[in-house]
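Participant: Protein chains in written order, with the numbering used here: chain A, 106 to 410; chain B, 266 to 788.
Think of the hints as simulated: they come from the structure by calculation, not from any bench.
Do not take every clue at face value.
Where chain A lies over chain B, by a calculated footprint (3+ residues, C-beta under 8 Å) [unchecked claim]:
#1 313-324
#2 367-375
#3 496-506
Taking lysine to aspartate or glutamate pairs in the EDC-like style, the calculated list, with each CA pair at most 20 Å apart, reads [said to hold, decoys possible]:
#4 K681(B) / E197(A)
#5 K476(B) / E197(A)
#6 K737(B) / D367(B)
#7 K404(B) / D367(B)
#8 K404(B) / D162(A)
#9 K598(B) / D776(B)
#10 K476(B) / E272(A)
#11 K404(B) / E151(A)
#12 K404(B) / E197(A)
#13 K415(B) / E151(A)
#14 K461(B) / E197(A)
#15 K681(B) / E272(A)
#16 K430(B) / D162(A)
Owing to the predicted nature of the structure, the values given are computational and were not obtained by experimental measurement.
Glycine included, C-beta positions come from ideal geometry on N, C-alpha and C.
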Amino acid sequence: MARYLAARLGHGVLVTLAVLSVAFVLLHLAGDPTYLLVPVGASPEEIQNIRHQLGLDQPLWRQYVNYMKRALRGDLGTSLRYNQPVLGLVLERFPATMKLTAVALAVMLIVAVPLGVVSAVKRNGAFDQIATGLALLGQSMPTFWFGIVLILVFGVSLRWFPTSGSEGWRALVLPGVTLGGYTAGLTTRMVRSCLIEVLGQDYIRTARAKGLAERMVLYKHALRNAALPVVTIVGYQLSTLIGGALVTEQIFGYPGMARLAVQAINNRDFPVVQAFVVVAAVTVLVINLVVDLMYVLLDPRITYE
Amino acid sequence: MNTRDTARKAATKAVKVLAMMVAALLAALAVAGCGGSSVSKGPRQEIVIAQGTDPQTLDPHLTTVQQALNISGAICEPLTYLNYESGEIEPLLAESWKAITDTTWQVKLREGVKFTNGEELTADAVKFSLERIANPEFKSPAAIYTRPIKSVDVVDKYTVNITTKEPLGVMPLYMTRVYIVPPKYIQEKGDENFSKAPVGTGPFKLVEWQKDEKVVLEANPEYWGDKPTLDRVTFRAIPETSTRMAALKAGEADIVTQVSTDEAESLSKDENIKILPVPGLRVMFVQFNLTQDNALKDRRVRQALNYAVDKDAIVNDILRGYARKCEGQPLTKEYFGFNEEIKAYPYDPEKAKSLLAEAGYGPDNPLALTLYAPQGRYNQDKEVAQVIAGQLEAVGVKVDLQVLDWGLFLNRLVAKDFNPMAFWGAATEPDADLWLSGMVYSGAAYSMYSNPAVDELILKGSKTVDQAERAKIYGEVMRILHDDAPYIYLYQQVDIYGVNKRVEGWSPRPDEQIDLKGITVKG
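Based on the sequences and whatever the hints tell you, model everything.
Facilitator: Below, the structure is given as structure tokens:
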């Protein structure tokens, strides 16, 4: 187990380094941010000075080496706009994003698990048809559009929930549903197909044959075995949720790290975007590791030796 | 009983339980929701203002972004105040000021003014503030306003002399942008704490700042001037335009900024909302690159292109009236130095054709030009560029329209890599000196024009302290720029605000500054 963990962590570090490099390259393709920082009327010398201060006048490879060196010391640079260390800016907003992600995950599970289970059990019935249709709709609906519709219906017309912000639990409902609804579609379909597969297994027939109540068959034998692939999907969906936060936080004016990143992209605040990408990547790596470790709990056959 | 039926029964039961849970949950949420929104506002005067961005800092010396200064500028005040209605610069913390020599401005401070931490406003605070901004290590973007200053000398407790390197006519305007901060407080708490929790002499003081969520201010009971009419002001940051509009419609925000023309139409149908448009400081034009060899070197061609474009059609049809036609000069009437006597080039395609013919262009030998334009930067930018291209085609000019994303456009703009012309817009502080120094003076950052006579006048205007004399000098520059036509003068952008009708006594300013003075809320 310890060896497995060490290998996984080593692997995680390598991936993080790769992410750092990709973030660097992508953002430098986007153009020179100097001109967005100087007012009309700045002299060419002033522009040159600012570029020099930022190190943007050095060859790209040297900028890269300096960047990686600093990154390894935990210094991802200083924001061009905020003039503060970027890691602090991102981490300051990390809990808000995690809170939204947790709410979205809860919405996703509350919607997807019952829908998937009932669809599987009542396969090809009317409920199944409707649920599968809904799942497809959820999967194909753009988050942006869905969010705006929720704001207009529940925020403006009905006034049940605030249209934006993060104050109080009510403010979390609409962004949570927007983000959770988006991932609920795929998850519903996964739960359904996993359960259908399990329900066809010999041990389910055996369980029924020995006279177990159908509820016991469903909850104890079928669902537990279907849980494994579902956990994998949930782990995968968590990274989708963090990505989806980019759009959701922006629409709902939600004060998380993804909104900070969107704003930084618009301002070409390179270091902030880099820090966001790194923090998001590390979060996903950690989540995946946790998911893999959860297999041990869920399936006694799996051990990491 | 067969197992399938049992499974169905279990599932049916599950569905029922689930449906009940969902119904209960929705009902609970709805009840809680209704309870929250029916809180009575009481007699307190409170408003919520939703802007597109949260301040990056509340230190008025660390930003020139107006959205941030709308907040820190309610807490800290500058020496002078620009009144757009009268066009006059009025006293604020400075009771009076005068040029005692060509290069020295003597400023008399208002006496008995206190910062909200109890510190008194003195000449030392002014000196401290100006030197703080000018300190290169502090990297203040407001340093553009203190750059011309050579020294700041305290004469007595309430008098300070500001000496510039050269005579500088625009100094009183610069003083509207320089906020006075409390020296002792900053020395004790440090710059970083001040940027999170500033104190000042202004009509409001900070209650709390939740980053990216809201900044709450409340009236300063000891304010030296007229007592603020509002008890509490909340600035919210809602980046997405449609969400900002939703907050206005839902009654969560009372004033929202940056309404798009599309949304203005739909908001104006809401009986609780009024739309307040105001012509802004951004001037839109087609700039000719006269630093390169091209057909536009011929003044007749430049004038012809000015006659060929139908400015009214662009303003009314493309921008739906949310723009104002320029009067044949780069400045608008909000700027000091605007020449009222000059009128726009009339739309006259025949005149354009004849001028082009004089310059040697006709159906057999058509003029061919490339027009560069950005997209996604200005209101309807691509559409306007297409109309301009179409109108030029109508007088026989072959136009190759190149629409670029803003980033790419900007890179070319600063490299002056446009041959021969580009559609864009510029805004500066509302004084001819700043606009002309950046946009027209030979070799300036965004100038693609060179005229020694104009350069001389720009320098002269900059160094003239007498305001009437300055106005005359810039009036002459406007006349030359009208006739010489280094631009196609188009229109100025209009900023649109959405306001809940319960808000009274507020009108928007051309510079995006939000003045909280005199706002009242009814009902």
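Participant: Please go over all the hints and tell whether each is borne out by the structure.
Facilitator: Each hint, compared with the structure:
{"no.": "1", "hint": "313-324", "in the structure": "holds (count 4)"}
{"no.": "2", "hint": "367-375", "in the structure": "violated (count 0)"}
{"no.": "3", "hint": "496-506", "in the structure": "holds (count 5)"}
{"no.": "4", "hint": "K681(B) / E197(A)", "in the structure": "41 Å, violated"}
{"no.": "5", "hint": "K476(B) / E197(A)", "in the structure": "9 Å, holds"}
{"no.": "6", "hint": "K737(B) / D367(B)", "in the structure": "18 Å, holds"}
{"no.": "7", "hint": "K404(B) / D367(B)", "in the structure": "29 Å, violated"}
{"no.": "8", "hint": "K404(B) / D162(A)", "in the structure": "19 Å, holds"}
{"no.": "9", "hint": "K598(B) / D776(B)", "in the structure": "13 Å, holds"}
{"no.": "10", "hint": "K476(B) / E272(A)", "in the structure": "12 Å, holds"}
{"no.": "11", "hint": "K404(B) / E151(A)", "in the structure": "12 Å, holds"}
{"no.": "12", "hint": "K404(B) / E197(A)", "in the structure": "24 Å, violated"}
{"no.": "13", "hint": "K415(B) / E151(A)", "in the structure": "19 Å, holds"}
{"no.": "14", "hint": "K461(B) / E197(A)", "in the structure": "14 Å, holds"}
{"no.": "15", "hint": "K681(B) / E272(A)", "in the structure": "47 Å, violated"}
{"no.": "16", "hint": "K430(B) / D162(A)", "in the structure": "31 Å, violated"}
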